[in-house]
Amino acid sequence: MQIIDKHKKIKTALLSGIAITTLVACGSVLADYPEKPITLIVPWAAGGGTDATARTIGRALEEQIGQTVNVVNRTGGSGVVGHTAITSADPDGYTIGLATGEVNMMHWLGLTDLTYRDFTPIAQVNYDFPGVQVASDAPYDSLEELVEAIREEPEGTFIASGTGQGGVWHLAFAGFLMDQGMEADRVMWLPSEGAAPAMTELVSGGIDIVPSSVPEARSMMEAGRVKSLGVMAPERIPSFPDVPTIQEELGTDYQVGEWRGIAGPKGMDPEIVSTLEAALEKAYNSDTYQDFMYNQGFGTEWRNAEEFGKLMEEMDVVFGEIVEQVGLAAE
Amino acid sequence: MRDFLIGLTFIIAGCITIYVAQQFPTIQSLQYGPSLFPSLVGGGFCIGGLVLALNNYRNSKDSLQRIKLEKNKAYDWKSLLYSLLPAILIIFYILSIDYLGSLLTMSIMMFILMKVRKTSTISAISISAIMSFTIYYAFSQYLLVPLPQGDLFGEVKQWML
Amino acid sequence: MDAVINGVYLVFSLEVFLVIILSAIFGIFVGAIPGLTATMAVALLVPITFYMDPTPAIAAIVTTSAMAIFAGDIPGTYLNIPGTPASAAYVSESYQLAKKGRAREALGINLICSVFGGIFGTIVLIITAQSLAEVALKFSAFEYFWLAILGLSCSIFISIGSKTKAFLSLLFGILLSTVGLDMMSGAPRFTFGIADLMGGINFIPVMIGMFALNELMNYYGSSSEKKNIAAMSKDNVFSKAKGHIKNHWINMLRGSTIGTLIGALPGAGADIAAWISYAVGKSRSRNKQEYGKGNIEGIMDASSANNSGISGAWVPALVFGIPGDSITAIVIGVLYMKGMNPGPTIFMDGSGLIYALFIVFIIANLMMLPIGYIAIKLSKIFIITPSRVLMPIILCFCIVGAFAINNSIIDIWLMLIVGFVAFLLVRNGFPMAPAILGLVLGKTVENNFMSAMMRTDGNFLGFFSRPISATLGVIVILIWLSPLIIKSFKWFYNTQNHKA
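Residue numbers (the working numbering), protein chains in the order written: chain A, 3 to 333; chain B, 1209 to 1369; chain C, 25 to 524.
By construction, these hints were calculated from the structure, which means they are not laboratory data. Just so we're clear, the structure is a prediction, and the values are computed from it rather than from any experiment. Be aware that a few hints might be false.
No more than 27 angstroms apart at the CA atoms, straight line, and that leaves these computed lysine-lysine pairs for DSSO-like [claimed, not checked]:
1) C:K404 with B:K1323
2) C:K124 with C:K401
3) B:K1326 with C:K404
4) C:K123 with B:K1326
5) A:K229 with C:K162
6) A:K38 with B:K1365
Same shape as in the complex, but just chain A:
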């Protein structure tokens, strides 16, 4: 008896499932987007900063559009894998992704043919600026002293680390050196798998500088092992009020960082884009998102679809130049 009941249940469940999906499927494509769950691809690993950002904005977006947002991690290859997955999806608005600044670097490094032109920008939701971290027993108390020391000592005396060869912090720091009138490769770059292993190397004395984002140095700073001499941002980060900007320290306007924003594959319907853009703006301003980002020390910055597209275009030129100067450009 029970078995029959179970079978019946499965049958009814199946039938009703099919019925519901068919009902939904027959509506017009555009009229009431979104009508099914949206997949949000994250090119970085579960548990990391980008992943956390994506999940938070995803949750906030869910509240706005009334559809589930499934976060899917497609990791590896310095972001190539995930970004390729975003651009190769159907541009129907049901697969979008959290694109990151690597879009502006990968193709210069010759890792992929993918450029910002393969994306439909929707909205930028975050901007992280690199800080300049040194061990707390380092003899420099200000960024100026450090820059002077780099300038005076012979090339290759200083070693910096914090990401792979040609990663965002590498290029940002090389650009900073160029801005200070030095060669881009005056400080040797020791590639690492991320900011965390670089932090241990910094403390154990193997390297001198880690130009990662300031939140990535937080636990070591709280442990009193690492100090941040400055941040390459337009103004001080609210959760790190003691870290000066490089504008205050050196009077330079230089700023380059890691942007993160929601983007889809090329050729999305403008109506869908504007629906998403409006929902994302509300999601961005929600307490869920703002509180989380503040607590993490992550930078928040809003750009709508048009401005976000422009930013991608501008940064592409900037990073192209830096990659060229560092000597990593693909032929």
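Given the coordinates of chain A, work out where chains B and C should sit on it, guided by the hints.
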């Protein structure tokens, strides 16, 4: 004899590895390029393969008899073919999920495999249906793994309308 | 003291206990299914923990990972399919025992050692987290290089059969580890233009291919329906455990100590720990000959090291926010998400979260005893289900398991190709366990070597210029030379005798 051939295979694989590794770009600032480790592995393949082949060659004189025995065993091609069955079904899965969907593909695979081992048709059908439904449902609903639904499902939906 | 009391309050709520029980069951299920692994269980939990409070979220992950790692040894014992790279060290021991009808005895002692190792590691963590972390910070690229080499060497020296074949198998694993973007130069290697390969090869599809698919192919290749494993009515989960513990408690203690210490090094982890502990156990044992043929001692050495290594990995994670393995990497992310920033302040902020965490560790490990016991009892299903029904189901789990780790079809291809190669190699007497370790540690060896060389400007002496590094280096060289030394010693001894 077998070890001799395997040794040779490793030597060839080692040479190919070294050759491919030489094509990797080098960077000025590094002491050793990205080709160093793959080349070392390739070299290791060559050395290990050589040792394997030579040892086998040396031993083969004493073990001529064993080879005869091996030959007498007459390689069982049929069983080798059967052992490839899971591999072939995996290829079937990869090729057909986009159209048939994970659910249907898995039940077909399980059904075939059970029939190969002479399971009764009724239990083969019911077990493969129940198990593939359980796996599909658990993974796509609870663990949020995006198993493909399949185009066929959509077509059936359209057709039902 | 207030913090401790706060911690107790945080843990002893209905919600947390419910979460612990549910995740224990989840972990046992995922771990016990061939083709699904502990790392995957934890990765699958992340989206769910996102909606929980910090204490239950961490409790869920800790319990799930501990359970899944133990449960991974169940298919290991019955089907020769290991659940983690660490358990690949002793999977053949328990499989051999299962063949002799002692599966439950092996799993029972494994369970006890796992619980012992886990709790041992947690207690060490509570007492010495801060100072142990200080030591861990002294390790840099030079030391990690030697440590990884030490682990790789162990995998060859404990293998039975042809050492040449073990060596080639190890190289095969290392070769797989070089696929993807090279960290140092950023150059893609062996990717053949496939974007999905740029991220490198994950060990999970490889492990499924090497062990599970290989077993499947063997089964369909042989026409016999008879089970390899025997069931004996006398075989009891815990009845022989007392005797084993009495005779070999030293193995448990040694394994746990090695596990905790090596696990606490962020670049090493439980994988190296289990292999080294197994090798040390073998070299110190009176029954060396029995190792690899179903020896309970080997299981005790390695499984206690495995679980204590997991606890040890929390040391750098909690004190400095540096992940020791893939599981702690995920947990650090979750901790950050919950606004519970790892670092020394986590020990001082008075909220008691850290003590809640410690209590959860201990509860999770204790829970393993009853739930693990039930799981072992239920594992009879592997014996009573006819192979003709069991094997097709395993194949489906293998495919889904390989896919789920990255949601990528490439991983299924990878499992297939590696499985096919492994099938040919195993048939010709190649051990597969060294290949898994090679894949897991290959990157560690290469990246640390390269980054060390970059700093010393290509000077090899750098590897002997730091005290810890030099010590490790000498140990490795001695291990490699030991067969030669023993041989020449014997030769010398013999000629002396002849003269006399």
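Hint by hint, here is what the structure shows:
| no. | hint | verdict |
| --- | --- | --- |
| 1 | C:K404 with B:K1323 | holds, 24 angstroms |
| 2 | C:K124 with C:K401 | holds, 18 angstroms |
| 3 | B:K1326 with C:K404 | holds, 23 angstroms |
| 4 | C:K123 with B:K1326 | holds, 25 angstroms |
| 5 | A:K229 with C:K162 | holds, 19 angstroms |
| 6 | A:K38 with B:K1365 | holds, 16 angstroms |
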